[in-house]
Structures are given as C-alpha cells and as structure tokens.
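> Below are the chains, spelled out letter by letter.
2 protein chains.
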Amino acid sequence: MIKIVVIGTGNLGTHLCRAFDASGIPESSKADVSEVELVGYYNRSGRPLEFVSAPLIKNLDQLPDADLILLCVPDDQVPAVSSSLSHQNSIIAHTSGSVAMQALSDHENHGVFYIPQSFSKKRSVDFSQLALCLEASDSSTMKILERVASSLSRKRFHLDSLQRRQLHLAAVYVNNFVNHCYTKAETILQEAEIPSGLLQPLMEETLQKALNLGAKNAQTGPALRQDQSTILAHLALLPPSDHPMYKTITQSIQETHAQKL
Amino acid sequence: MIKIVVIGTGNLGTHLCRAFDASGIPESSKADVSEVELVGYYNRSGRPLEFVSAPLIKNLDQLPDADLILLCVPDDQVPAVSSSLSHQNSIIAHTSGSVAMQALSDHENHGVFYIPQSFSKKRSVDFSQLALCLEASDSSTMKILERVASSLSRKRFHLDSLQRRQLHLAAVYVNNFVNHCYTKAETILQEAEIPSGLLQPLMEETLQKALNLGAKNAQTGPALRQDQSTILAHLALLPPSDHPMYKTITQSIQETHAQKL
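Protein chains in written order, with our numbering: chain P, 480 to 740; chain E, 480 to 740.
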C-alpha cells in the first residue's frame with residue numbers, strides 16, 4: 480500500500496484526491512485502492528473536500544507519514560512549496576507540464592507525475608482514458624510512481640523534462656490555441672446572429688478526421704489551396720484587429736504545406 | 480415528388496447523390512425518398528458512382544427534366560457551370576459557403592443549399608445531424624428547397640448571402656485553423672518522439688468544454704494568464720518559422736480577454 484499526500488486542491492488535486500481516496504464516492508475514475516491510500520491533503524483555504532474521507536491537513540509542517548507527496552500547485556509555486564517540505568523523507572513529485580524535475584532536486588527522491596488534460600472541478604474525469612507521463616530521480620522512485628500511476632491508468636509513459644515541455648507546448652496548441660479559434664468563430668456567429676450550435680458537427684468532424692487521417696493529411700481550405708479571393712473576402716469581413724491572426728495562420732498553413740503546392 | 484439533378488460528384492456531390500437516390504444502399508444519411516428523386520447526375524470524368532442507381536448524364540446539354548439542379552462544383556466553377564445551364568427552367572442552386580446567391584441570377588429561380596461540414600468520400604455522413612442553410616430568390620423556390628432539405632434533416636436555417644459568408648468564415652476557424660493547430664502539435668510530438676495519441680483525450684475535452692461552457696469562458700493557459708516565462712520557454716522550443724503564429728495567437732488571446740485581466 481502506497482501512502483499519498485496531495486498538496487493543493489485545484490482542479491487536478493481535487494480529482495486526484497477523489498480517485499486515491501479509499502472510501503470516497505464510487506466513480507469510473509477510481510484508482511485501484513488496494514495499491515494506494517490517500518492519507519491526507521492540504522490546501523491554503525483550509526476547506527475540506529466533498530466526497531473525500533481522508534483528513535484535511537491544517538499545516539504543511541504536520542504532514543502525516545507518506546510514501547509520496549504529490550504537489551498539485553500552480554507551476555510558479557512548485558519551488559516554494561518544495562522548499563517548505565525540505566525535511567521530508569518521502570518522494571516529492573510535481574504534476575506540472577512545464578516545470579523541470581530539477582526544481583525538486585533538494586529532495587533525494589523526486590519525480591514528476593504529469594497528465595496532459597484540462598481538468599475542471601465540475602466535469603468528471605476518467606483517469607483510465609488518460610496518459611500519465613512519469614519522470615523520476617532514480618529507479619526505486621520510478622517504481623513507486625509506476626505503481627501509483629497504474630492504479631489509475633494503463634496508459635503510462637516515461638518522458639524526460641525536455642519531452643514533457645514539448646508535450647506541454649503541443650498541449651497549448653490543441654487546447655489553448657484551438658479553443659481560441661473556437662472563440663473567434665463563436666464571436667463571428669454571434670455578430671451574424673447565427674445560432675452557435677450550427678458548427679458543432681463540423682467541430683466534431685474536424686477532430687475525428689485529424690485523429691483518423693493525421694492532421695497534416697486532413698488539411699483543406701482556402702489557405703491550403705491558395706484561394707486568394709476567398710482569403711481577401713474573409714479579411715473584408717473581419718475587424719482589423721483580427722487580421723494579424725487570420726493572416727499569420729493562413730501563411731503558416733501555406734508554409735507548412737509548401738511541398739504540396 | 481421533387482426531381483433532382485446533381486452536377487459534380489466530389490465529396491459533397493457523391494454523398495448527396497447517395498442520399499437522394501431512391502434505391503441506393505440503405506444508410507443513416509438516407510433522405511426521405513417519398514419526397515425526392517435523383518433523376519441523374521453529371522461529372523466531368525464520366526465515371527459512374529457506386530451505390531447510385533440514377534443514371535450518369537453524359538452531357539450537360541442533355542439534362543433530364545428536373546425541379547432542382549444542384550451544383551456541387553468548386554466555388555470558382557459556379558459561374559461557368561451556371562452559364563452553361565442557361566436554358567434550363569429548373570431551379571438552379573449551388574452548395575458553396577462563400578459564393579453569393581447572385582452568381583446564379585441568370586436563372587429566374589435560384590438559391591443556395593449550403594451545409595457547413597467537411598465531407599470526405601470515405602467517411603459516412605449522417606445528414607440528419609447537419610445544419611442545412613438555405614437561401615432562395617423567391618418564396619416558391621424556398622418552398623422547394625425546404626422540402627428537399629427536410630428530406631435530409633430537421634435542422635434547417637434561412638441565411639442570406641452575407642450570413643452564409645460569415646458562417647463560412649467561422650467554419651474556416653473551427654475547421655482549417657483548428658486543424659492547423661493540431662498539425663503543429665502533431666509535428667512537435669513527432670520530433671520529440673512522443674506517441675501522437677497521447678493528446679487525444681485533451682483534444683476531445685477541449686471540444687466538449689467549448690461546447691458546454693462556450694469557448695470564450697473555457698479559455699485557459701499561459702497566454703490568458705500572461706505567464707511570460709512559460710511563453711518564452713515555449714518560443715525557445717519552437718523553430719523560428721513557428722514564432723509568428725505562436726506569438727500572434729498568444730497576443731490575440733490576450734486582446735480578446737483584455738477585460739478579464
């Protein structure tokens with residue numbers, strides 16, 4: 480049985496507490512609790528989590544004995560929280576995509592437990608569908624992280640800090656940048672008084688095609704076929720503040736596919 | 480019974496021929512064939528379609544008698560094909576998102592039958608899930624287009640040519656631009672030797688969140704929170720040719736959400 484403390488109960492921390500908690504509500508994201516036990520969790524607000532039976536820890540100086548302390552805090556707080564735990568003998572691992580493992584090197588046994596997903600407190604999580612990306616300071620630490628990860632999902636990967644940063648960068652494209660394209664479309668439809676649900680089938684089909692064909696093979700549209708008259712007509716419809724993004728993505732599509740033209 | 484001729488058997492034309500064809504293979508996209516009948520179709524290659532019993536028309540001068548001639552040809556060919564049909568008494572409608580209805584104004588009764596979707600010959604289509612966007616030169620033409628559309632889907636909208644161009648522009652964002660973001664992520668993962676399927680759950684969750692919360696409300700990430708150190712770290716990982724797109728989208732996210740900062 481691996482004893483776990485979770486520090487930070489934002490979106491990810493809350494879902495992990497619920498998954499690791501031995502007697503919380505049953506849900507599809509439940510960890511194999513014969514392997515792991517949540518022995519406590521800490522947050523700055525001091526507010527206990529619903530559906531978690533493990534105790535809320537009042538003070539970072541009074542952590543219970545644990546094999547793994549999992550930091551689910553914002554990226555920029557990882558170093559400070561890590562320092563405040565400097566007398567622990569447990570494995571310390573963070574969950575950040577963009578923070579190097581080295582940020583925890585004050586601790587003998589340390590690692591990273593990164594899940595490339597956008598978590599929300601109100602949306603359920605099925606960890607078994609998610610990829611868990613692990614890095615560890617040494618092989619005995621990796622074994623513990625592997626056991627914790629395997630309690631959640633069979634999809635486990637060993638990525639070093641550079642690979643994880645690259646994955647996080649790719650995640651920015653498919654999450655933040657894609658969502659911003661959705662936002663621009665949403666605004667255009669609102670201003671044209673067109674119901675926003677009208678493009679849902681196209682959004683779904685775009686994703687399915689990219690997954691089935693590979694995104695590069697699935698590219699179509701006026702930028703790819705150098706259809707200058709449609710591009711100019713689109714720019715005429717857009718406010719000038721939206722021209723830089725439209726033009727830059729159009730140009731990037733053309734450069735990326737230059738060998739096809 | 481409305482008699483239909485389809486001109487052009489690209490991705491959309493092929494799926495429409497199969498849907499309208501009275502005795503083709505049964506599929507979920509099948510039109511209500513008590514209302515419509517495909518009396519023929521034309522393509523430049525002269526190759527007959529599989530799974531369509533209606534005859535291939537050899538020559539545009541010899542079209543069978545029809546209530547509706549539906550042009551499923553590339554945008555830039557709409558005017559030329561329309562001119563070549565100048566002696567028809569049928570309704571002439573095109574299926575383009577970006578061509579104005581006026582392009583068909585040589586014909587007394589004309590209209591537009593636009594479906595904002597990305598069609599592929601090899602992927603099945605369920606027309607009942609899609610939005611059909613109609614425009615017509617007059618009310619009797621609109622009635623015919625409505626009956627044809629209702630044989631395929633209950634989701635029908637009347638959009639004028641300006642609205643349809645705006646919808647097509649929004650479709651470019653959610654299809655072409657989103658797919659290009661997927662492409663950039665795909666390349667980053669390939670170069671980092673990370674399996675491409677690793678981001679699939681994030682791609683799916685990004686779409687679901689945008690649909691559930693609205694995209695603008697769903698925005699997160701380093702651009703939104705003005706996390707300059709992560710942004711600079713990302714730029715350091717990217718080849719210089721990818722900097723303009725990364726920077727421009729980042730700036731557009733910040734400008735779009737400026738009131739939140």
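It is possible that part of the hints are untrue.
If several chains are the same, the list does not tell them apart, and a pair holds so long as it fits within one copy or across any two.
[Stated by the list, open to error] Calculated cross-link-like contacts (lysine-lysine; reagent style DSSO-like; alpha-carbon spacing at most 30 angstroms):
#: 1; residue 1: K600; residue 2: K537
#: 2; residue 1: K695; residue 2: K600
#: 3; residue 1: K622; residue 2: K695
#: 4; residue 1: K695; residue 2: K601
#: 5; residue 1: K600; residue 2: K482
#: 6; residue 1: K726; residue 2: K634
#: 7; residue 1: K482; residue 2: K601
#: 8; residue 1: K634; residue 2: K622
#: 9; residue 1: K634; residue 2: K537
Calculated directly from the structure, the hints in this document are not laboratory data.
The structure presented is a predicted model; accordingly, all values stated were derived computationally and were not measured.
> Could you run down the list of hints and mark each one as holding or not?
Checked hints:
1. Taking CA atoms no more than 30 angstroms apart as the test, K600 paired with K537 passes inside one copy only; the shortest distance there is 22 angstroms, against 61 angstroms between copies.
2. In this homomeric assembly, K695 and K600 come within 30 angstroms of each other (Cα to Cα) only across copies, at 18 angstroms, whereas the closest approach inside a single copy is 33 angstroms.
3. In this assembly of identical chains, K622 and K695 lie within 30 angstroms of each other by CA distance neither inside one copy nor across copies; the values are 37 angstroms within and 41 angstroms between.
4. Taking CA atoms no more than 30 angstroms apart as the test, K695 paired with K601 passes between copies only; the shortest distance there is 17 angstroms, against 34 angstroms inside one copy.
5. Taking CA atoms no more than 30 angstroms apart as the test, K600 paired with K482 passes inside one copy only; the shortest distance there is 24 angstroms, against 54 angstroms between copies.
6. In this homomeric assembly, K726 and K634 never come within 30 angstroms of each other (Cα to Cα): the closest approach is 39 angstroms inside a single copy and 33 angstroms across copies.
7. For the homomeric pair K482 and K601, the shortest alpha-carbon distance inside one copy (26 angstroms) is at most 30 angstroms, but the shortest distance between copies (51 angstroms) is not.
8. Taking the closest pair of Cα atoms, K634 and K622 come within 30 angstroms of each other only inside a single copy of the chain (15 angstroms); across copies the shortest separation is 54 angstroms, beyond that limit.
9. Proximity of K634 to K537 under the C-alpha cut-off of 30 angstroms is found in neither arrangement, the shortest distances being 34 angstroms within a copy and 55 angstroms between copies.
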